[in-house]
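Enquirer: Kindly generate the complete structure, drawing on both the sequences and the hints.
There are 2 protein chains.
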Amino acid sequence: MKMNNLDIKRLNSSDTDFSQQLEQLLAWESVSDHAVHGAVVDIIERVRRQGDQALVELTATFDRYSVDSFSELAVSAERIAQALANIDADKRQALEKAAERVRSYHQHQQQDSWQYTEADGTVLGQKISPLDRVGLYVPGGKASYPSSVLMNAIPAKVAGVQEIIMVVPSPDGELNDMVLAAAAIAGVDTVFTIGGAQAIAALAYGTETVPKVDKIVGPGNIYVATAKRQVFGQVGLDMIAGPSEILVVCDGKTDPDWIAMDLFSQAEHDEDAQAILLSDSVEFLDAVQQSMDKLLPTMERSDIIRAAIEDRSALILVPSMQAATEITNIIAPEHLELSVEDPEAMLAEIRHAGAIFMGRYTAEALGDYCAGPNHVLPTSGTARFSSPLGVYDFQKRSSLIMCSAQGASELGKTASVLARGESLTAHARSAEYRIKLQ
Amino acid sequence: MKMNNLDIKRLNSSDTDFSQQLEQLLAWESVSDHAVHGAVVDIIERVRRQGDQALVELTATFDRYSVDSFSELAVSAERIAQALANIDADKRQALEKAAERVRSYHQHQQQDSWQYTEADGTVLGQKISPLDRVGLYVPGGKASYPSSVLMNAIPAKVAGVQEIIMVVPSPDGELNDMVLAAAAIAGVDTVFTIGGAQAIAALAYGTETVPKVDKIVGPGNIYVATAKRQVFGQVGLDMIAGPSEILVVCDGKTDPDWIAMDLFSQAEHDEDAQAILLSDSVEFLDAVQQSMDKLLPTMERSDIIRAAIEDRSALILVPSMQAATEITNIIAPEHLELSVEDPEAMLAEIRHAGAIFMGRYTAEALGDYCAGPNHVLPTSGTARFSSPLGVYDFQKRSSLIMCSAQGASELGKTASVLARGESLTAHARSAEYRIKLQ
Numbered sequence: 001m002k003m004n005n006l007d008i009k010r011l012n013s014s015d016t017d018f019s020q021q022l023e024q025l026l027a028w029e030s031v032s033d034h035a036v037h038g039a040v041v042d043i044i045e046r047v048r049r050q051g052d053q054a055l056v057e058l059t060a061t062f063d064r065y066s067v068d069s070f071s072e073l074a075v076s077a078e079r080i081a082q083a084l085a086n087i088d089a090d091k092r093q094a095l096e097k098a099a100e101r102v103r104s105y106h107q108h109q110q111q112d113s114w115q116y117t118e119a120d121g122t123v124l125g126q127k128i129s130p131l132d133r134v135g136l137y138v139p140g141g142k143a144s145y146p147s148s149v150l151m152n153a154i155p156a157k158v159a160g161v162q163e164i165i166m167v168v169p170s171p172d173g174e175l176n177d178m179v180l181a182a183a184a185i186a187g188v189d190t191v192f193t194i195g196g197a198q199a200i201a202a203l204a205y206g207t208e209t210v211p212k213v214d215k216i217v218g219p220g221n222i223y224v225a226t227a228k229r230q231v232f233g234q235v236g237l238d239m240i241a242g243p244s245e246i247l248v249v250c251d252g253k254t255d256p257d258w259i260a261m262d263l264f265s266q267a268e269h270d271e272d273a274q275a276i277l278l279s280d281s282v283e284f285l286d287a288v289q290q291s292m293d294k295l296l297p298t299m300e301r302s303d304i305i306r307a308a309i310e311d312r313s314a315l316i317l318v319p320s321m322q323a324a325t326e327i328t329n330i331i332a333p334e335h336l337e338l339s340v341e342d343p344e345a346m347l348a349e350i351r352h353a354g355a356i357f358m359g360r361y362t363a364e365a366l367g368d369y370c371a372g373p374n375h376v377l378p379t380s381g382t383a384r385f386s387s388p389l390g391v392y393d394f395q396k397r398s399s400l401i402m403c404s405a406q407g408a409s410e411l412g413k414t415a416s417v418l419a420r421g422e423s424l425t426a427h428a429r430s431a432e433y434r435i436k437l438q
Numbered sequence: 001m002k003m004n005n006l007d008i009k010r011l012n013s014s015d016t017d018f019s020q021q022l023e024q025l026l027a028w029e030s031v032s033d034h035a036v037h038g039a040v041v042d043i044i045e046r047v048r049r050q051g052d053q054a055l056v057e058l059t060a061t062f063d064r065y066s067v068d069s070f071s072e073l074a075v076s077a078e079r080i081a082q083a084l085a086n087i088d089a090d091k092r093q094a095l096e097k098a099a100e101r102v103r104s105y106h107q108h109q110q111q112d113s114w115q116y117t118e119a120d121g122t123v124l125g126q127k128i129s130p131l132d133r134v135g136l137y138v139p140g141g142k143a144s145y146p147s148s149v150l151m152n153a154i155p156a157k158v159a160g161v162q163e164i165i166m167v168v169p170s171p172d173g174e175l176n177d178m179v180l181a182a183a184a185i186a187g188v189d190t191v192f193t194i195g196g197a198q199a200i201a202a203l204a205y206g207t208e209t210v211p212k213v214d215k216i217v218g219p220g221n222i223y224v225a226t227a228k229r230q231v232f233g234q235v236g237l238d239m240i241a242g243p244s245e246i247l248v249v250c251d252g253k254t255d256p257d258w259i260a261m262d263l264f265s266q267a268e269h270d271e272d273a274q275a276i277l278l279s280d281s282v283e284f285l286d287a288v289q290q291s292m293d294k295l296l297p298t299m300e301r302s303d304i305i306r307a308a309i310e311d312r313s314a315l316i317l318v319p320s321m322q323a324a325t326e327i328t329n330i331i332a333p334e335h336l337e338l339s340v341e342d343p344e345a346m347l348a349e350i351r352h353a354g355a356i357f358m359g360r361y362t363a364e365a366l367g368d369y370c371a372g373p374n375h376v377l378p379t380s381g382t383a384r385f386s387s388p389l390g391v392y393d394f395q396k397r398s399s400l401i402m403c404s405a406q407g408a409s410e411l412g413k414t415a416s417v418l419a420r421g422e423s424l425t426a427h428a429r430s431a432e433y434r435i436k437l438q
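First to last, the protein sequences are chains Z and R. Quick note on numbering: UniProt numbering labels position 357 of the first sequence as 357, and the sequence is numbered without any gaps. Quick note on numbering: UniProt numbering labels position 421 of the second sequence as 421, and the sequence is numbered without any gaps.
Misleading hints may appear alongside valid ones.
One copy or two, it doesn't matter: identical chains are merged, so the pair holds either way.
SDA-like cross-link-like pairs, simulated, lysine to any residue; straight-line CA separation at most 25 Å [claimed, not checked]:
| id | residue 1 | residue 2 |
| --- | --- | --- |
| 1 | K97 | E118 |
| 2 | K97 | S404 |
| 3 | K127 | D238 |
| 4 | K294 | I330 |
| 5 | K127 | D112 |
| 6 | K127 | S104 |
| 7 | K91 | E422 |
| 8 | K212 | A241 |
| 9 | K212 | R351 |
| 10 | K436 | Q93 |
| 11 | K127 | Q111 |
| 12 | K253 | D172 |
| 13 | K127 | D251 |
| 14 | K9 | A225 |
| 15 | K212 | D52 |
| 16 | K127 | W114 |
| 17 | K97 | E410 |
| 18 | K157 | A287 |
| 19 | K142 | A60 |
| 20 | K253 | S404 |
Hint data in this document are derived by calculation from the structure and do not stem from the laboratory.
Expert: Okay, structure coming up:
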């Protein structure tokens, strides 16, 4: 098959207007649509008012799946076990191996409660507790990814969450066996075949049958994302993700076909995905571009790849690998591939990235499925201030303060001065009651 | 002075409709005002377009403080040193003692990077990095609390944040010396006397003079809160707090005056504050109510206290201390005082609370100022899923993956099966390139 060559941007970081060009390349503002917002608010209200019945009606409308009563939207334990039996042995084995590695990595994220005792007997500390109940949203249809089920559910279980409620729409009644099998392997407790804003509303507020959760995680379309924003505060949320992106930094010594395919693996997600390559070798950038032109016609999702590569991607020439590091910290990429000889030396200079794939063998795709770390990562530069999804997202802390009589007396004096300085005299007097008279 | 007795709600958890009564008591929805939203969007646009000049104009309008150029809105190091010299010695000493205790507690929250090597040489890990630059919003005028400066800035500095930019409006040109002194003690790097939505916009997007930050923390009025929601994603945020609340659990053996004053210390914050007492002794509830009636006329902020106590507070009789624990977990209070004989035994049963004050001596007010733990805490039941402000809020994690040739080959096989199962063939092929041919 003959295709037009890819029209990919070529930038040079030594150009005087490079900063603006980079800013333009990275610009992304999610569209806030008033019509979507209005529809979502109505759906949430309807679910809060009519509970299960609203879910039955909205599922018939939006998912073209009609049932007589809500109980038919609950997936039985038998159906889930059946899914596990239905899938091919190699797929089941792959899911189990991935789950085991993800579990093992996330166990390293466990946090411990701690406390210490001061000289006067006052005890200070921090208690870690898991969330009680978590809701996991899984998109339906083609974007229904079993790997996402593992990546969202396993950290919650490692954190000690007692109950995970998964929701996954079944458009036209179709359910993905791989997704149910992943749910079984990850230890999901309950599954309902509902989706969209109505599923988010059910998880946030509860219905007769769907239990109210403390936090909702998982990706979804614009209706789901809008509904999540709307219920924030009522429940906790994971981040609301922008389009996926990769930044590859290469010293020019990795096989250009490998790098081209690594860029494609990001680009095939969707038309808004972004793939950027930084190298100090213009010959290497040329070679990767040739590899991309050569490989594109062999790709199943070549239309999506072309759109992402031509609209939002770039090959960038830098004067040195030091410059590559500086630009990396400006981009703060979701995925960073350091395809260089000594990635550990470079790591010391990297301040902002969601996940860092080090060395020529570490394809980003390994991290998407089975390396162990989470594939839910901060996008659009938010790695400057946020982290991969992890065990810490399913636990919270309580501060502990237990004053001895002596400790309360001493602290009371300080608190009294500061409280009176802020004109909060009830605070001051509450503290002063605990000051010992000499 | 003679005052009417307080009309405080008395509930009994054994009543059949107690759940509904409790739900009603706890109900809180923040008002979302379209006029405020529109004004805030305009202000943000104006600051993005006109930078410093917009800040000068908006400060003249909203803070009635006119300057010729933006440089006058930057607080000099000399002015900050002056504030430290201006304040009374006992206040300075109290601030320094509080800062030292807050710093010492938060140092226990330090997180370490970690990594481990698998049998085939593959390395997995997690790197902790501080945020580069943080913005701290401090309200002006009467709500300008030096203790908030300490509580927000110190954890950031302990986390390793290089630069803290503080903004504090100076209505009519008035600046609070205690606030500036606290900034000096906490290690704040730069101070601008700007406030409102315009200050949030400046921190989020940067101007000629105000550097763009990575995260904004600190309390503010409805304009500030709305602006924070609006810039979320561009920068990180701390939580947006609801009204402050306390839940006191008492076995009836603490001095009722102490408990009354502890409840008042919460109520004096503002009319929307909430103070709830749970006890298994009706005589003790009566005694506390009498203490409140006796003490109210002696309080400077008696009007605010009365409003908070009568509108949003309650004394609740429970059949047992076990029942008190269960209700505590439903309320998930911001502040929890366990004024009981054996608070440690009770602690084991507490799953949800922002900060837990244990024993009769540990007045909540001590935690507000100087015990050490943070006073920025999750409100309105959000302790079910969120934590006190801490060092962890000023750091983020990057996942590390460095595969050996052998590791990449093995992982590549699993990734390939799963990627093909999801029809993501560029992912599969990127992984397959790294599979060793036997």
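Enquirer: A separate judgement is required for each hint: does it hold in the structure or not?
Expert: A quick look at each hint next to the structure:
no., hint, result
1, K97 to E118, "between (47 Å within a copy, 15 Å between copies)"
2, K97 to S404, "between (51 Å within a copy, 18 Å between copies)"
3, K127 to D238, "both (22 Å within a copy, 20 Å between copies)"
4, K294 to I330, "neither (31 Å within a copy, 61 Å between copies)"
5, K127 to D112, "both (8 Å within a copy, 18 Å between copies)"
6, K127 to S104, "both (23 Å within a copy, 17 Å between copies)"
7, K91 to E422, "between (64 Å within a copy, 11 Å between copies)"
8, K212 to A241, "both (23 Å within a copy, 22 Å between copies)"
9, K212 to R351, "between (38 Å within a copy, 17 Å between copies)"
10, K436 to Q93, "between (67 Å within a copy, 20 Å between copies)"
11, K127 to Q111, "both (10 Å within a copy, 15 Å between copies)"
12, K253 to D172, "neither (49 Å within a copy, 63 Å between copies)"
13, K127 to D251, "between (46 Å within a copy, 23 Å between copies)"
14, K9 to A225, "neither (31 Å within a copy, 40 Å between copies)"
15, K212 to D52, "within (13 Å within a copy, 47 Å between copies)"
16, K127 to W114, "both (7 Å within a copy, 22 Å between copies)"
17, K97 to E410, "between (56 Å within a copy, 11 Å between copies)"
18, K157 to A287, "neither (45 Å within a copy, 46 Å between copies)"
19, K142 to A60, "within (19 Å within a copy, 55 Å between copies)"
20, K253 to S404, "between (64 Å within a copy, 17 Å between copies)"
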